[in-house]
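Trainee: This is what each chain is made of:
There are 2 protein chains.
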Amino acid sequence: MRILIIGAAGMVGRKLAEKLMGEGSLGGRKIDTIHAFDVIEPSYGASGGPQIVSEAGDIADAAVVTRLIRHRPDVIFHLAAIVSGEAEVEFDKGYAINMDGTHHLLEAVRHEGEGYCPRLVFTSSIAVFGAPFPGKIDDDFFHTPLTSYGTQKAVGELLLADYTRKGFIDGVGIRLPTIVVRPGRPNKAASGFFSGIVREPLAGQEAILPVSEDVRHWVASPAAAVGFLLHAATMDSATLGARRSLTMPGLSITVGEMIEALKRVAGEETAALIRREPDEAIVRIVDGWPRDFDAKRAEQAGFKADADFDSIIRAHIADEEARKVAFG
Amino acid sequence: MRILIIGAAGMVGRKLAEKLMGEGSLGGRKIDTIHAFDVIEPSYGASGGPQIVSEAGDIADAAVVTRLIRHRPDVIFHLAAIVSGEAEVEFDKGYAINMDGTHHLLEAVRHEGEGYCPRLVFTSSIAVFGAPFPGKIDDDFFHTPLTSYGTQKAVGELLLADYTRKGFIDGVGIRLPTIVVRPGRPNKAASGFFSGIVREPLAGQEAILPVSEDVRHWVASPAAAVGFLLHAATMDSATLGARRSLTMPGLSITVGEMIEALKRVAGEETAALIRREPDEAIVRIVDGWPRDFDAKRAEQAGFKADADFDSIIRAHIADEEARKVAFG
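Chains as they are written, first to last, in our numbering: chain A, 1 to 328; chain B, 329 to 656.
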């Protein structure tokens, strides 16, 4: 089978590609080719199994997307997006990639025609929801995105559902929690500290905590995110009915609980590397984010959340060890 | 002030234009020009007040929309749409007009720039909702459109909210109930009989009733629709917060209650012109439609529903009399 990953150079895209390379099959079918596409050309370590075809390009260009689909991939993972902060500042760019790019992809599949109806896994976001929130946000909570990014993801969900209803694609949309622990260097995203307060102390570095310890958030590990994508690619999508997008199950956890877990896994000294430095701007942003969900539909559909935050930390440590072995 | 009506040749657009011509002002400001735009050139009777500029064109063409906005209208009514049945069959046309056309309009206003931020009244639809429904659909009910038309309207609502949030427009979206009594000839719309069972008997013609009398529906008169549009154009939109689209208040009424009202207003003999001829296809379509809403937000925002169905019928009779006087 042929797999196309759009957004294959991002953190989740890379982990997905590596997982597929390692397994060599998806849903019991042998993977022949992984077409890894992104705005910069993705590169991975050697693959023992599937052939990797890496390519750089811009999904805002409909002709580029049409060409991508000519290979008639059996499964398409559409992870490409301009992230929230950038889409808010770069208004045109956000719409061009997040809305038009997604529409181009759906149109390209439709026009390929002749019975071609691939599984299309679309990564949406909990940014389709907007405050004020109830304590737990259930599957019937209405969409009021309060950012351009959230708006564009909500439009993507609507298009995914309509193109699926019409029989042009077989779409499944998954709303990812905030991914923690993100590997790599600190970034300027307002949500960056959720990863930073674990990642930096584990690396012997100081981390800044800009909010209070009672801040609650909805998180999932990189491995859980890859698990969601694989399950979305192979599940019986007919069970979803007309509502093709789902809030993924996560952990609802406070910053204080994260720090307690870090102490249990890595010791008091490691956790002592977290420095409290309240930042009013970040406090305000985080205050508008959803904290807890009742992701019943996704759970019933077989999506699995992380067991607990301790195991998220342990998995991050294991990943870093493996990376050191691979890259020295 | 300058007013632009996009979709000015349709039934509601015509009635809106005629109302504005008659009043000569909107929200206490004198109307200088009404720019009446549609895919066919709108034509009305003589206007004593505002200058009427009629024009035909296609909003799927971004350049056409940009040119329309060069006149910098103070208020824009965007009523243009490919209707539900046609958008379902003509997939490209529906997206080109209902989604792209609306996006072109928002982009044209944004690019006009230099502090230009007109009130934009967008007619959405209760088709943004999809079955299964609760008894009464409240303002927090989630959107699951089950048609391409409903999808396109839901996308329009999302874009309207985001462009408003960013300060590019001052948008208000109104979800209209089914308009009853539509004047003119019977059409093939599945909802056509709701008007037909009143309009045809009043004109001495037989009408077909394809569903049972216990079918409940959500309706408003043409005059109420025009009232919604005028209120949306002049209300304090800041009270809407982030959620710029509202379900308009209507009457939830059964077919049997409509017929009882017709008997009261026009007599048993008139109502006897309704012939029961069940049509399974129409029964199934109507079965998937919403029946009743709790339109609390719109009521609190000052939108007014019709008093009762008797007065809707009387208003239709008066309109027809006036039309006969005008056109012989």
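Hints in this document: simulated from the structure, not taken from any laboratory.
A hint or two may mislead.
[What the hints assert, rightly or not] Below are the DSSO-like pairs computed for lysine-lysine, each with C-alpha atoms no more than 30 Å apart in a straight line:
id, chain 1, residue 1, chain 2, residue 2
1, A, 296, B, 464
2, B, 494, A, 188
3, B, 516, A, 166
4, A, 93, B, 494
Trainee: Each of the hints needs a verdict: does it hold here or not?
Mentor: Results for each hint:
Distance restraint check for residue 296(A) and residue 464(B): the Cα-Cα separation of roughly 24 Å lies within the 30 Å cut-off, and the hinted pair is therefore satisfied. A threshold of 30 Å between alpha carbons decides the hint, and for residue 494(B) with residue 188(A) the separation of about 22 Å falls inside it, so the pair holds. Our distance criterion of 30 Å between C-alpha atoms is met by residue 516(B) and residue 166(A), whose separation comes to about 22 Å. Note on residue 93(A) and residue 494(B): the hinted pairing holds, with a Cα-Cα distance of about 15 Å set against a maximum of 30 Å.
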